[in-house]
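*Asks:* Next come the chains, spelled out residue by residue.
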Amino acid sequence: MERFRVLIVDDEVDFTETIVKRLKGRGLDADGVNSGEEALRVMETEEYDVVVLDVKMPGLDGIETLREIKKRKPYTEVIMLTGHGSVESGIKGLQLGAYNYIMKPVTLDELMEHMTQAYERRIIEAQRREDVKRSEQRP
Amino acid sequence: MLTRHYQELRLKMVVTTLCFALIPLLALGLTIYYQFTTAYELRTIEAVRTMVQNRVNSIELFLDERIAQLVTVANTHTCEQLCNEQYLQQVFKIMQHRSKSYIDLGVIDQNGDHIAYTGPHYSELKGVNYGKEAWFQAVMASGLYVSDVFLGFRKVPHFIIAVTNHEGNKTWILRATINSDIIDNMVRRAQVGRKGDAFIVNRENVLQTTPRFNGKVLGKPNAPNFSAVVDTIVERAESRGEESLFAAASISNPRWVLVIKEDLREAMAPLFRARHVEVMILLAGVALVVAGALIITRSLTSELMKVETERAKNDELMVQSAKMAALGKLAAGVAHEVNNPLQIISEQAGWMKDILESETPASQENQQELKQCIRKIERQVDRSRTITHRLLGFGRRMEPTQEMVDVNGLVAETVKFLENEAHHRGIDIQSDFDQNLPKITTDPSQLQQVVLNVMDNAIDASGKGDVIKVATSYNFQDPRVVAVRVSDQGIGISKDKLSKVFDPFFTTKGSSEGTGLGLSISYSIMEKLGGRIVVESEEGTGTTFTLFIPTES
Numbered sequence: 001m002e003r004f005r006v007l008i009v010d011d012e013v014d015f016t017e018t019i020v021k022r023l024k025g026r027g028l029d030a031d032g033v034n035s036g037e038e039a040l041r042v043m044e045t046e047e048y049d050v051v052v053l054d055v056k057m058p059g060l061d062g063i064e065t066l067r068e069i070k071k072r073k074p075y076t077e078v079i080m081l082t083g084h085g086s087v088e089s090g091i092k093g094l095q096l097g098a099y100n101y102i103m104k105p106v107t108l109d110e111l112m113e114h115m116t117q118a119y120e121r122r123i124i125e126a127q128r129r130e131d132v133k134r135s136e137q138r139p
Numbered sequence: 140m141l142t143r144h145y146q147e148l149r150l151k152m153v154v155t156t157l158c159f160a161l162i163p164l165l166a167l168g169l170t171i172y173y174q175f176t177t178a179y180e181l182r183t184i185e186a187v188r189t190m191v192q193n194r195v196n197s198i199e200l201f202l203d204e205r206i207a208q209l210v211t212v213a214n215t216h217t218c219e220q221l222c223n224e225q226y227l228q229q230v231f232k233i234m235q236h237r238s239k240s241y242i243d244l245g246v247i248d249q250n251g252d253h254i255a256y257t258g259p260h261y262s263e264l265k266g267v268n269y270g271k272e273a274w275f276q277a278v279m280a281s282g283l284y285v286s287d288v289f290l291g292f293r294k295v296p297h298f299i300i301a302v303t304n305h306e307g308n309k310t311w312i313l314r315a316t317i318n319s320d321i322i323d324n325m326v327r328r329a330q331v332g333r334k335g336d337a338f339i340v341n342r343e344n345v346l347q348t349t350p351r352f353n354g355k356v357l358g359k360p361n362a363p364n365f366s367a368v369v370d371t372i373v374e375r376a377e378s379r380g381e382e383s384l385f386a387a388a389s390i391s392n393p394r395w396v397l398v399i400k401e402d403l404r405e406a407m408a409p410l411f412r413a414r415h416v417e418v419m420i421l422l423a424g425v426a427l428v429v430a431g432a433l434i435i436t437r438s439l440t441s442e443l444m445k446v447e448t449e450r451a452k453n454d455e456l457m458v459q460s461a462k463m464a465a466l467g468k469l470a471a472g473v474a475h476e477v478n479n480p481l482q483i484i485s486e487q488a489g490w491m492k493d494i495l496e497s498e499t500p501a502s503q504e505n506q507q508e509l510k511q512c513i514r515k516i517e518r519q520v521d522r523s524r525t526i527t528h529r530l531l532g533f534g535r536r537m538e539p540t541q542e543m544v545d546v547n548g549l550v551a552e553t554v555k556f557l558e559n560e561a562h563h564r565g566i567d568i569q570s571d572f573d574q575n576l577p578k579i580t581t582d583p584s585q586l587q588q589v590v591l592n593v594m595d596n597a598i599d600a601s602g603k604g605d606v607i608k609v610a611t612s613y614n615f616q617d618p619r620v621v622a623v624r625v626s627d628q629g630i631g632i633s634k635d636k637l638s639k640v641f642d643p644f645f646t647t648k649g650s651s652e653g654t655g656l657g658l659s660i661s662y663s664i665m666e667k668l669g670g671r672i673v674v675e676s677e678e679g680t681g682t683t684f685t686l687f688i689p690t691e692s
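Read top to bottom, the protein sequences are chains F and C. Residue 1 is where the first sequence starts when you use the numbering used here, and the numbers rise one by one after that. Residue 140 is where the second sequence starts when you use the numbering used here, and the numbers rise one by one after that.
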């Protein structure tokens, strides 16, 4: 499997700590932060393929962080993760360009699957953009 | 309590209706009553007046005829012709032929000697000298004299008419006696009804005719004195407890007064009958109005009761639906809170599995990792347990009850529920509990719903970084009330909207967020608990809701 870069954003420290360890164990390049603001800060210097974003967070919440990410790095795929069963915030997330919306609790395998799919889409999208660019440059 | 309220309402409605219906009815009734009485009295008086005048006219006509006859006889004969008693008798017969009222006829010379006579008392009256009699003086002076009634030899009431005639320097008198039966008959025709009376008095108030009830001829009448009457008067008088109507009119010659008496009760009988009917109609009208008012009020209040019962039922439904909404919110919150620890537990378990599956599971480092995982799992299980226990505590209190409630505890518990939500929105909740707060008797779940609603609103109104202050207080000066105050630093409520916040379906939130029922239901719950909910707000500064809860409900 290809090694890609993942950022986990969740206010639960226990969660981010452990999942980062596990993802690294599975050969992914994973980082964890505990707030939306932190995520945006890290993303200024680091490039990530997939971001897993908790919806409910103190401070900048998931939806706002998503909006901000999409503004700055529109090609980064984002997976929304929430413990709150609110359909509206899920729909809102998808409208704002999230790749998917997952309810907690989720097994790591499931999450990995979603992340891999998201990464694949990012690759395909990048390929498509490349093709378009090339066709435009052709006389 | 409900029925007493309705009884009072019913009474108020009945009294108001009766006032508005009966006052005009009674006014109309009384006006008709008095107008009718006055009109009828006037009519009766007018009728009596007309009758007395008619009678007087007839009597005067009769007397005038008699006088005219005598004057004619006196002027068409000489004294010598009439002194022939045979001729006198002939003249007398002719006169009697026209009127049976003449008793006798006589001629008297200027010295008062009765020089000729024809009639039934020849022996007693022939040759009598009248020179000293008052009537002789009167007739000699004025030429005409009509006497009062007197009883003659036969004890029959009669009166005389005397006229004078002059032959050269000689004066003689023609005198006729007239039976007053005729006058009596004429007067008697004015005695109307069962108790009516009529009589004639002279100037000395001596009866000239025989009244029906009130005295004897030549006696005094048993009636007020009308002897001085000139022209016509009608008067009301009371005698022996009976009200009577007297009409009196003067006769010119002789100077008599005709008096007609009518029993007022008898005269007014048709009026009394009409009044009776009117009063009956009035009473029937009053009865009808009262019955109508009672029936209408009864049907109105029962309709009102039905509507109110319906409304109460609807209110209950509304409370129920709000309860369900609150429950839904709660469920979502609980799901979030439980799902987070579950995720962590799952992650820890997965990590343990990863370690155990790795090639060197028994290393010192991995031992530490595993121990840490187990500690984390335990912590998350603890966290989940408190959530589920709290949920159970909340669910148990959905039934209406009366319990000893620690308001501080209840508010703290509610704050805990919402802390997470507030935390996520960047809102800080600061609690300030009065430790002197007594335990109160109330329905904790209802109270909790109100606190939850108010705090929920405060959270919705607040923005990031705002502080919500929750305080309880107890004032020893008013030991029957404890207060819970929830203040936010949110957008506030404008003055025109402030009065509407407790109205059902009034909401400032979007249609997906608010039902507009939360505060309305809170208001009705607080009323039900015997307390109050008060709002103060300033636009841009924030809003404060204060709950006043009675210590005993």
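Calculated from the structure, these hints are not laboratory results. Worth double-checking, as some hints may not be accurate.
From the structure, some residues in chain C lie toward chain F, with a derived Cβ separation under 8 Å [unchecked claim]:
id	residue
1	A273
2	A277
3	A280
4	H475
5	N478
6	L481
7	Q482
8	S485
9	E486
10	Q487
11	I513
12	K515
13	H562
14	H563
Straight-line alpha carbon distances no greater than 20 Å define the calculated SDA-like cross-link-like pairs of lysine to any residue that follow [as the list claims (entries may be wrong)]:
id	chain 1	residue 1	chain 2	residue 2
15	F	K24	C	Q511
16	C	K603	F	L60
17	C	K555	C	Q511
18	F	K70	F	Q95
Distance ranges between label pairs, derived from CB positions [unchecked claim]:
id	chain 1	residue 1	chain 2	residue 2	range
19	F	K133	C	K639	58 to 66 Å
20	C	D545	F	R3	56 to 64 Å
21	F	G97	C	R514	21 to 29 Å
22	C	D545	F	E125	58 to 66 Å
23	F	T107	C	D635	52 to 60 Å
24	F	R3	C	R514	25 to 33 Å
25	C	T499	F	K133	47 to 55 Å
26	C	T499	F	R3	20 to 28 Å
27	F	K24	C	D521	23 to 31 Å
Note that CB positions come from ideal geometry on N, CA and C, so glycine has one too.
*Asks:* Tell me, which hint numbers fail for this structure?
*Replies:* 1, 2, 3, 11, 17, 21
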